[in-house]
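In the order they appear, the protein sequences are chains X and L.
The working numbering applies: residue 1 is where the first sequence begins, and numbers increase by one.
The working numbering applies: residue 1 is where the second sequence begins, and numbers increase by one.
Fair warning: there could be bad hints in the mix.
Unchecked claim - Looking from chain L toward chain X, a few residues come up when the C-beta cut is under 10 Å (computed):
#, residue
1, Gln6
2, Ala71
3, Asp102
4, Tyr103
Quick caveat, the hints were computed from the structure, so don't treat them as lab data.
None of these values were measured; they are calculated from a predicted model.
Glycine included, C-beta positions come from ideal geometry on N, C-alpha and C.
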Amino acid sequence: DAGVTQSPTHLIKTRGQQVTLRCSPKSGHDTVSWYQQALGQGPQFIFQYYEEEERQRGNFPDRFSGHQFPNYSSELNVNALLLGDSALYLCASRYRGSTGELFFGEGSRLTVL
Amino acid sequence: AQKITQTQPGMFVQEKEAVTLDCTYDTSDPSYGLFWYKQPSSGEMIFLIYQGSYDQQNATEGRYSLNFQKARKSANLVISASQLGDSAMYFCAMREGNEGYDYKLSFGAGTTVTVRA
Chain X
1 DAGVTQSPTH LIKTRGQQVT LRCSPKSGHD TVSWYQQALG QGPQFIFQYY
51 EEEERQRGNF PDRFSGHQFP NYSSELNVNA LLLGDSALYL CASRYRGSTG
101 ELFFGEGSRL TVL
Chain L
1 AQKITQTQPG MFVQEKEAVT LDCTYDTSDP SYGLFWYKQP SSGEMIFLIY
51 QGSYDQQNAT EGRYSLNFQK ARKSANLVIS ASQLGDSAMY FCAMREGNEG
101 YDYKLSFGAG TTVTVRA
């Protein structure tokens, strides 16, 4: 049973560019959330998707947007990249009716130069 | 205000000994959940243990146990019989609100554990 898978694992962009990160949830899961983890810090919640709609959003600017597809997979898009966007981006999935455990992927490490 | 506080940036523990990682939390919601995750250098967040606010007994999962003191708002993780593979960053996190609904996790800053042979 595949867990949460993310792609790409590493990528390098320059300031002002745009990036798309992808996530496939664990089988049977219908809810996907994204977290940003800067170096040496704990993850910060970006947003959560369920039924292809954004359900909750953290304190992130509109440059951060997302999408959930009918097969429950998800994308995170970041426009107009800043140096401060360099971080590990973690995707997590769960079944909405579950007891609450979130399963995380290994993340996409973004470096902005 | 910080919702999750982990005051130990780093800890060293001898192999086969136990180690306690501190976590205090702040919430006014009567329904919440507390999680501990392990993050090795690969980056993946590995779920270790969960404690619901209404659970009467402390949670245990193998070598991991959670010392839940509700009145003190603390949820310390105890790792017994440490192994070299336990060397990693450990995060305490909290979910506010009811299970099964839309929620987010608030994470602490983490504690780095290094197990010595």
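(request) Any hints from earlier that this structure breaks? Give me their numbers in increasing order, please. (result) Violated hint (a single one): 2; every other hint is consistent with the structure.
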